[in-house]
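Peer 1: Could you build all of it, start to finish, from the sequences and the hints given here?
Number of protein chains: 2
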Amino acid sequence: MSILVVGSVAFDTVSTPAGSVTEALGGSATHCSVSASFFSPVRLVAIVGEDFTQAHRKPLLDRKVDISGLVTAPGRTFRWTGAYGDDLNSARTLDTQLNVFADFRPDVPQAWRDTPLLFLANIDPDLQWDVLQQVHGAKLVAADTMNYWIEGKPDALKKLLGRVDILLINDGEIRQLTGEKNLVRAVDVVRGLGPKTIVVKRGEHGVLVFEGHNTFALPAFPLASVKDPTGAGDAFAGGFLGSLAARGLDGDRDVRRAAVLGSVMASYQVEDFSHDRLMRLTDPEIRDRYARFQELTRFSPLS
Amino acid sequence: MSILVVGSVAFDTVSTPAGSVTEALGGSATHCSVSASFFSPVRLVAIVGEDFTQAHRKPLLDRKVDISGLVTAPGRTFRWTGAYGDDLNSARTLDTQLNVFADFRPDVPQAWRDTPLLFLANIDPDLQWDVLQQVHGAKLVAADTMNYWIEGKPDALKKLLGRVDILLINDGEIRQLTGEKNLVRAVDVVRGLGPKTIVVKRGEHGVLVFEGHNTFALPAFPLASVKDPTGAGDAFAGGFLGSLAARGLDGDRDVRRAAVLGSVMASYQVEDFSHDRLMRLTDPEIRDRYARFQELTRFSPLS
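Chains as they are written, first to last, in our numbering: chain A, 17 to 319; chain B, 17 to 319.
Since the hints were made in silico from the structure, they are not lab data. There could be a bad hint or two in this list.
[Stated by the list, open to error] Capping the alpha-carbon separation at 20 Å, the derived lysine to any residue pairs in SDA-like fashion look like this:
#1 A/Lys197 with B/Asn115
#2 A/Lys197 with B/Ala99
#3 B/Lys197 with A/Ser106
#4 B/Lys197 with A/Arg303
#5 A/Lys197 with B/Lys197
#6 A/Lys174 with A/Asp146
Every value quoted in this text rests on a predicted model; they were computed, and no experiment measured them.
Peer 2: Following this line, the structure appears as structure tokens:
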């Protein structure tokens with residue numbers, strides 16, 4: 017089945033201990049769409065400015081992402097400038113220019129309003145709600161958010177969560193959202209707000225997935241070199257949701273496989289700047305790293 | 017086979033968000049020995065003061081730990097006072113009174129000098145070296161350390177590592193020891209110093225075990241309630257090394273099982289203050305949580 021991604025498309029200027037890039041293609045919707053495209057057809061709804069050229073569209077088209085929902089507005093594309101120090105777990109934001117993104121009012125193409133899997137990437141929860149109303153045919157709704165909205169629009173966010181099936185959130189954010197320091201209890205609180213499946217992203221420490229009485233924990237893939245962590249969470253979301261869109265969500269087994277595929281995509285994402293690694297990624301490489309995750313985590317029963 | 021543990025026995029005064037204890041039995045050697053005793057015979061070498069009563073010895077004796085190497089010296093037992101805030105990953109030390117521990121010169125009983133598995137828990141690396149010379153019959157040498165020795169005695173520590181088979185260390189410490197921020201590269205540096213097996217403890221994020229070309233990653237067990245993290249690393253070491261002592265170290269499979277058993281013991285350790293949870297722990301509970309670790313981490317191959 018198809019997946020509809022609504023989020024940001026941006027130009028990122030990023031420096032890390034491994035180097036830097038200037039105005040590289042970025043944004044949550046970009047990284048998520050590129051990642052998801054390895055698994056299922058992807059429809060992208062986002063906004064860019066007049067400086068977004070055909071060359072910028074090319075990687076998305078190369079990955080066969082349907083960008084009919086990518087609107088060009090008068091003005092400049094969203095820009096973000098950030099830097100990572102030795103602690104690659106958190107970026108320091110140096111500059112944010114919302115530009116056309118400040119007036120983003122997503123208008124989902126009529127033909128897409130029955131897309132079975134809807135992913136509300138990290139944008140204003142009021143806009144996420146608005147998109148949710150439009151995509152009334154969605155069978156499965158997933159959402160991401162960030163500290164900025166948890167602080168600024170907690171009520172809009174909580175209202176949204178009442179309609180969300182799968183929440184993707186990082187560990188610091190779920191603690192902030194719930195006021196609970198203990199992750200297990202924080203997840204219980206979020207479950208009470210609506211989402212049946214809660215995916216807690218922990219950066220270099222991996223991911224925890226809570227679904228009903230099932231808990232799945234997966235470490236991150238240990239890499240000797242991380243060039244740029246930007247978009248790791250979005251690449252995870254793309255692999256996770258793309259896998260669910262492709263293979264369905266019949267139970268625990270599907271969620272676990274999706275979480276491993278999300279982690280595979282995140283582990284490749286950080287190997288290079290922007291979407292560079294995913295643009296040259298192959299299906300055999302995805303299968304290879306999936307197998308290496310099995311090797312990384314396997315152990316025998318107690319005899 | 018037996019395991020010989022050399023380390024500290026202390027009275028801990030600890031406060032956490034879940035409560036507090038005053039002068040409870042603590043110390044690296046205590047927690048490690050109690051934990052290891054579920055798997056193999058344990059011999060303890062440590063020092064206490066005249067205030068260490070028969071009642072304090074009882075839990076060790078109840079767990080059948082051989083305390084013939086526990087020396088009583090004139091003066092008071094080592095005392096540590098610490099507090100944990102909402103971040104249960106790190107304690108704030110409020111007071112340290114070394115007392116008799118300041119003059120600890122371990123003298124391993126003659127009959128114990130061929131103990132096959134020697135664990136040098138976290139003490140002065142010069143003393144660890146000294147014990148290593150005494151236990152010349154050891155087939156397998158494991159060691160732990162801490163930031164205090166990495167800063168204060170880096171050369172003594174590096175000399176020791178040349179004779180250590182298994183190093184247990186936490187993620188912050190291995191970065192400090194090697195000056196490498198990337199864990200995989202930090203492990204490569206440590207491997208160059210001597211240890212063939214490197215266990216990186218990551219607190220609530222679990223554990224990474226590097227052995228030859230094999231890497232094993234295990235998340236920590238998600239607990240809804242953590243009362244007191246004190247001794248989690250020592251309980252891990254006890255389960256890990258106790259399991260190796262009991263079942264041998266023939267390869268990757270043994271190391272992985274040992275790391276899961278170490279994590280099982282650490283997960284129980286933090287459920288109550290001091291050694292309280294381990295003192296009432298049963299073998300079926302150990303097996304049960306091992307099975308729950310399998311359930312937590314399992315996923316299917318890609319079809």
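Peer 1: Given the hint that lysine 197 of chain B pairs with serine 106 of chain A, test it: the Cα-Cα distance must not exceed 20 Å.
Peer 2: holds, 14 Å
Peer 1: Lysine 197 of chain A and asparagine 115 of chain B: Cα distance at most 20 Å?
Peer 2: violated, 36 Å
Peer 1: Under the criterion that the straight-line Cα-Cα distance not exceed 20 Å, is the pair lysine 197 of chain A, lysine 197 of chain B satisfied?
Peer 2: Not OK: lysine 197 of chain A and lysine 197 of chain B at ~26 Å, beyond 20 Å, violated.
Peer 1: Mind checking the alpha carbons of lysine 197 of chain B and arginine 303 of chain A for me, to see if they're no more than 20 Å apart?
Peer 2: violated, 29 Å
Peer 1: Do the alpha carbons of lysine 174 of chain A and aspartate 146 of chain A lie within 20 Å of each other, as the hint requires?
Peer 2: Between lysine 174 of chain A and aspartate 146 of chain A the Cα gap is close to 14 Å, so the pair holds against 20 Å.
Peer 1: Within 20 Å, alpha carbon to alpha carbon, are lysine 197 of chain A and alanine 99 of chain B?
Peer 2: The hint holds at about 16 Å.
Going through the hint list in order, the structure does not satisfy hints 1, 4 and 5.
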